[in-house]
Amino acid sequence: MARRALREGLWSWITTTDHKRIGLMYILTAFAFLVFAVSEATLMRLQTSRPLNTVLGPEQYNQVFTMHGTTMVFLFGMPILIGLGNYMVPLMIGARDMAFPRLNAFGYWMFLFGGLFLYSSFLFGAAPNAGWFAYVPLTITQYTPGRNLDFWVIAIQMLGISSITGSINMVVTALRMRAPGMTINRLPLFVWTQLVTAFLILFAIPSLTAASALLMLDRFLGTVFYDPAAGGDALLWQHLFWAFGHPEVYILVLPAMGVVSEVVPVFSRKPLFGYIFVAWSSVAIGFLGFLVWAHHMFAVGLHPVLQAFFAATSFIIAVPTSVKIFNWLATMWGGRIRLHAPMLFAIGFIGQFVIGGLTGISVAIVPFDWQVTDSYYVVAHFHYTLFGGTVFGVLAGIHYWYPKATGRMMSDRLGQLQFWLLFIGFNVTFMPLHLVGLLGMPRRTYTYLPGLGWELPNAVSMFGVLFILSSFIVFFYNLLVSLRRGRIAGNDPWDAWTLEWQTASPPPAHNFDAIPLVTSRRPLWDIKHPENPDSLRGH
Amino acid sequence: MFEGREDQTMANNVAGGAVSHDAAEIHMPAPSYWPIVVAAGITVVAVGFLIHPIVVVAGVLIVIASIIAWGMEESHA
Numbered sequence: 001m002a003r004r005a006l007r008e009g010l011w012s013w014i015t016t017t018d019h020k021r022i023g024l025m026y027i028l029t030a031f032a033f034l035v036f037a038v039s040e041a042t043l044m045r046l047q048t049s050r051p052l053n054t055v056l057g058p059e060q061y062n063q064v065f066t067m068h069g070t071t072m073v074f075l076f077g078m079p080i081l082i083g084l085g086n087y088m089v090p091l092m093i094g095a096r097d098m099a100f101p102r103l104n105a106f107g108y109w110m111f112l113f114g115g116l117f118l119y120s121s122f123l124f125g126a127a128p129n130a131g132w133f134a135y136v137p138l139t140i141t142q143y144t145p146g147r148n149l150d151f152w153v154i155a156i157q158m159l160g161i162s163s164i165t166g167s168i169n170m171v172v173t174a175l176r177m178r179a180p181g182m183t184i185n186r187l188p189l190f191v192w193t194q195l196v197t198a199f200l201i202l203f204a205i206p207s208l209t210a211a212s213a214l215l216m217l218d219r220f221l222g223t224v225f226y227d228p229a230a231g232g233d234a235l236l237w238q239h240l241f242w243a244f245g246h247p248e249v250y251i252l253v254l255p256a257m258g259v260v261s262e263v264v265p266v267f268s269r270k271p272l273f274g275y276i277f278v279a280w281s282s283v284a285i286g287f288l289g290f291l292v293w294a295h296h297m298f299a300v301g302l303h304p305v306l307q308a309f310f311a312a313t314s315f316i317i318a319v320p321t322s323v324k325i326f327n328w329l330a331t332m333w334g335g336r337i338r339l340h341a342p343m344l345f346a347i348g349f350i351g352q353f354v355i356g357g358l359t360g361i362s363v364a365i366v367p368f369d370w371q372v373t374d375s376y377y378v379v380a381h382f383h384y385t386l387f388g389g390t391v392f393g394v395l396a397g398i399h400y401w402y403p404k405a406t407g408r409m410m411s412d413r414l415g416q417l418q419f420w421l422l423f424i425g426f427n428v429t430f431m432p433l434h435l436v437g438l439l440g441m442p443r444r445t446y447t448y449l450p451g452l453g454w455e456l457p458n459a460v461s462m463f464g465v466l467f468i469l470s471s472f473i474v475f476f477y478n479l480l481v482s483l484r485r486g487r488i489a490g491n492d493p494w495d496a497w498t499l500e501w502q503t504a505s506p507p508p509a510h511n512f513d514a515i516p517l518v519t520s521r522r523p524l525w526d527i528k529h530p531e532n533p534d535s536l537r538g539h
Numbered sequence: 540m541f542e543g544r545e546d547q548t549m550a551n552n553v554a555g556g557a558v559s560h561d562a563a564e565i566h567m568p569a570p571s572y573w574p575i576v577v578a579a580g581i582t583v584v585a586v587g588f589l590i591h592p593i594v595v596v597a598g599v600l601i602v603i604a605s606i607i608a609w610g611m612e613e614s615h616a
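Protein sequences appear in the order of chains A and B. Numbering-wise (the numbering used here), the first sequence opens with residue 1 and increments by one. Numbering-wise (the numbering used here), the second sequence opens with residue 540 and increments by one.
What the hints contain is simulated information worked out from the structure, not anything from laboratory work. Keep in mind that the hints are not guaranteed to be accurate.
Some chain A residues judged to face chain B by a derived CB distance under 10 angstroms, without partners named [unchecked claim]: (1) Val224; (2) Phe225; (3) Asp227; (4) Ala229; (5) Phe290.
Restraint ranges, calculated between C-beta atoms of paired labels, are given here [said to hold, decoys possible]: (6) A:Gln371 to B:Val596: 49 to 55 angstroms; (7) A:Ser322 to B:Ala597: 50 to 56 angstroms; (8) A:Tyr143 to B:Ala608: 42 to 48 angstroms; (9) B:Ala608 to A:Ala308: 38 to 44 angstroms; (10) B:Pro592 to A:Thr183: 35 to 41 angstroms; (11) A:Leu236 to B:Ala608: 37 to 43 angstroms; (12) B:Val596 to A:Pro367: 34 to 40 angstroms; (13) B:Val596 to A:Tyr143: 47 to 53 angstroms; (14) B:Ala597 to A:Val55: 39 to 45 angstroms; (15) A:Gly222 to B:Gly610: 19 to 25 angstroms; (16) B:Ala569 to A:Arg269: 39 to 45 angstroms; (17) B:Ala569 to A:Thr447: 46 to 52 angstroms.
Footprint (simulated), chain B over chain A, 3 or more residues, beta carbon under 8 angstroms [as the list claims (entries may be wrong)]: (18) 143 to 157; (19) 373 to 385.
Glycine residues also receive a C-beta, built at the ideal position from the N, C-alpha and C atoms.
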């Protein structure tokens, strides 16, 4: 009987087309891959914590840093944001499901199988080993024989299929499935960022697909697209890859910004300051994100005009990003701020992302970039945007929406403990890496000699990792224990304003008994405050 | 497109700031195992690239057959 129930329960998950279940599957699978990625990062930091260390050999180290980067980008960052979007967007726009439910399920399964395919490479001792951006000519068969890069390039194609189908679904859902009255300028800001991100994926992933297809042809059929010795072009890969790779940064950041744009007003007890600017700055970031890719390539010797162009666009993209920052701060200004876990993570996002943004501007200055390119300074910079930013934003979203998905509150005390452990651990780990980068330590070197001044920053960095690990243990404990022992949440535990909080927690399969009619940007405020609705103020 | 959706099939009964339905009127998407089968077929193709071309052919056949079956399936419960 129990076995039958288990089988039927498992079968219902395998065949589900419910956006909420698919969203949860994305999120849980992404967290499973996060465990692998954090383990790999810990090994890397352990290996470099002192000179001439022997925790990992050079070949193992290559595999571990390649898999860490690939996992964080393709198997954690993208899928967890897509998972949050999958769960929340139909609820936030008053829809019963995504536009294409079976395509939605297909996207998830492609993600899972792509991830398993990639990780199965470890079983054959052939994990990818040339870095997450797989530069040619290093990655052509002549210089990297064996199956390592074959696993990588095929898995990337599989994950690309997942991302493309998910994005088509998101675009159609956000544009065609909205409740009556939910005009584009009343869309919740998380939906705005999911929509822009979906367009970014649709335009960016094909570049990676094309680059990978050419690499597959080189590796499997012996073509020479990337072999300079035979007339191929090594820089072609870099252009195609970064034409995907830089929009990818915004694919990973924009939805996290969307979470912050939802959390900050609710926990400041004020409507978002400058909704129109925050919404359309996402569009500006998305557009400009396609015009900055060659700032990853300053060291290859671009024409000075191109260097000037890509430096300028890289400065300009800071403007719409700053618009968001200032509007979040203006929203908090004068608000009655509630420092619960979601708000702490949102504030952490803002502070750390600003640091990552400022160091980003510094590496857009061409002569400075020449000094620090491929050093730990760059590693520190992008971890401030993608860890300090995206991961903190994701955690804000998990703490914020967990009650909606489970019907129970996470422990706020444990959430706050997790935040402080992660905040301290993150900064202790990555701040010293700026310094060690400026002192000349190149990234992706498995060891180094003593006496270069690199010992202390690396040792401090390893110390920070212990805090990060502790914070994730607290987080996963909180996730599990709150499922049973968490306080019953009710429909609207945060006294929020968007439609997902109108329905039950967890929501029924059909989301809403009655499709809401929307008359303002804060539809739930209007229902709760009929004497003072936003619609009278023309929002 | 930007003025919000006015779905005539939905707008049966507008009252109290919401469009309500009888429970029997709500048709949710049916469960389907074809999405995982298509994804599995593509994975067979991927494995075939590493093993043998015949496995690629088998994977392609699985993908084609399951997409056809997907297309012929009733999409609502």
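Could you work out which of the previously given hints the structure breaks and list their numbers from low to high?
Numbers 1, 2, 3, 4, 5, 9, 10, 12, 13, 15, 17, 19, in rising order.
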